[in-house]
Amino acid sequence: MRGSAATSGLQRLIESVLSLFIPPKCASCGTVLSHESVFCESCKDTFRLVEEPFCSICGLPFKSSEGSNHPCPSCWNESVWFDRARAVFIYEGAIRRAIHRFKYHANLFQARILGGLLADVVEDLSGSSSWDFIVPVPLHETKLKQRGFNQALLLSRYVAKRVGIPLDVDTLRRTRVTRPQVELSGSERMKNVRNAFEVNSPEVCNNKQILLLDDVFTTGATMRECARVLKKAGASRVDAVTLARSVEWHLKW
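Numbered continuously in the working numbering, the sequence shown closes out at residue 271.
None of these hints come from the bench; they were simulated from the model. By construction, the Cβ of each residue, glycine as well, lies at the ideal position given by its N, Cα and C atoms. One or more hints might be untrue.
[What the hints assert, rightly or not] Once the Cα atoms are required to be at most 25 Å apart in a straight line, the calculated SDA-like pairs of lysine to any residue come out as:
hint: 1; residue 1: Lys209; residue 2: Arg246
hint: 2; residue 1: Lys249; residue 2: Glu141
hint: 3; residue 1: Lys226; residue 2: Trp149
hint: 4; residue 1: Lys226; residue 2: Ser97
hint: 5; residue 1: Lys226; residue 2: Val187
[Said to hold, decoys possible] Pairwise CB distance ranges (calculated):
hint: 6; residue 1: Ser148; residue 2: Lys250; range: 14 to 24 Å
hint: 7; residue 1: Ile131; residue 2: Gly166; range: 10 to 20 Å
hint: 8; residue 1: Gly111; residue 2: Glu70; range: 18 to 28 Å
hint: 9; residue 1: Glu84; residue 2: Arg165; range: 40 to 50 Å
hint: 10; residue 1: Asp142; residue 2: Glu110; range: 40 to 50 Å
hint: 11; residue 1: Glu84; residue 2: Lys250; range: 16 to 26 Å
hint: 12; residue 1: Pro42; residue 2: Glu96; range: 39 to 49 Å
hint: 13; residue 1: Gly252; residue 2: Pro42; range: 23 to 33 Å
hint: 14; residue 1: Ser52; residue 2: Arg212; range: 47 to 57 Å
hint: 15; residue 1: Arg66; residue 2: Leu185; range: 27 to 37 Å
hint: 16; residue 1: Ser86; residue 2: Pro42; range: 12 to 22 Å
hint: 17; residue 1: Leu162; residue 2: Asn224; range: 39 to 49 Å
hint: 18; residue 1: Gly134; residue 2: Pro184; range: 11 to 21 Å
Please model the complete structure; the sequences and the hints are all you need to start from.
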């Protein structure tokens with residue numbers, strides 16, 4: 019505990035010293051900020067939270083602001099495997115740029131910022147859940163070497179620290195390299211990740227409630243496949259939470 023406190027203190031000291039020489043910039047557009055903030059006002063104005071009513075299973079927000087939460091047609095007709103999926107933001111505008119800078123331009127200082135935003139929704143959900151541990155969606159070792167880090171793992175570390183839930187980085191692994199999902203249609207994404215994940219030690223999952231974390235939920239193909247193998251290994255519940263989710267694939271109900 020003392021070591022953890024010392025590390026946190028050192029990190030704050032380093033950040034304070036850096037702030038004397040490097041002015042704070044918006045995490046999305048890079049505009050220099052004149053005050054202690056994370057995003058500039060222009061970028062914050064583009065944020066859209068995922069708000070009710072939405073699908074009670076996958077968390078897809080519906081077009082109409084009227085009505086109650088209920089399963090969307092896809093969740094009625096398909097096996098989604100996870101018990102519940104939720105996200106903080108709609109994947110567009112400033113939050114999309116911020117995630118892109120973090121993920122593809124190795125802007126690792128944003129991990130703490132984005133991890134904190136992800137932790138907010140996890141804290142809200144924790145009152146109705148009893149997760150045994152957190153599992154970040156893994157990268158294949160080849161992709162990990164290319165990128166240098168797993169964005170889901172970095173975000174998960176901040177969430178685990180905030181909510182006090184153990185982080186498990188060994189149970190779920192990616193068994194093969196898959197094509198970038200952004201290049202594929204919805205059906206192609208499902209085929210792309212089919213059998214791309216494996217549980218190393220099934221006994222670890224037996225009767226466990228697991229929180230699965232990633233940065234973005236698009237069609238849900240990756241989350242579904244991860245949840246499927248975790249459930250097959252014996253997990254009693256799998257909830258999936260992401261920082262943002264796309265609605266362009268489904269926003270038609």
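So, going through the hints one by one against the coordinates:
no.	hint	in the structure
1	Lys209 to Arg246	holds, 14 Å
2	Lys249 to Glu141	holds, 23 Å
3	Lys226 to Trp149	holds, 8 Å
4	Lys226 to Ser97	holds, 20 Å
5	Lys226 to Val187	holds, 15 Å
6	Ser148 to Lys250: 14 to 24 Å	holds, 21 Å
7	Ile131 to Gly166: 10 to 20 Å	holds, 19 Å
8	Gly111 to Glu70: 18 to 28 Å	holds, 21 Å
9	Glu84 to Arg165: 40 to 50 Å	holds, 42 Å
10	Asp142 to Glu110: 40 to 50 Å	violated, 22 Å
11	Glu84 to Lys250: 16 to 26 Å	violated, 38 Å
12	Pro42 to Glu96: 39 to 49 Å	holds, 44 Å
13	Gly252 to Pro42: 23 to 33 Å	violated, 46 Å
14	Ser52 to Arg212: 47 to 57 Å	holds, 50 Å
15	Arg66 to Leu185: 27 to 37 Å	holds, 29 Å
16	Ser86 to Pro42: 12 to 22 Å	violated, 41 Å
17	Leu162 to Asn224: 39 to 49 Å	violated, 28 Å
18	Gly134 to Pro184: 11 to 21 Å	holds, 19 Å
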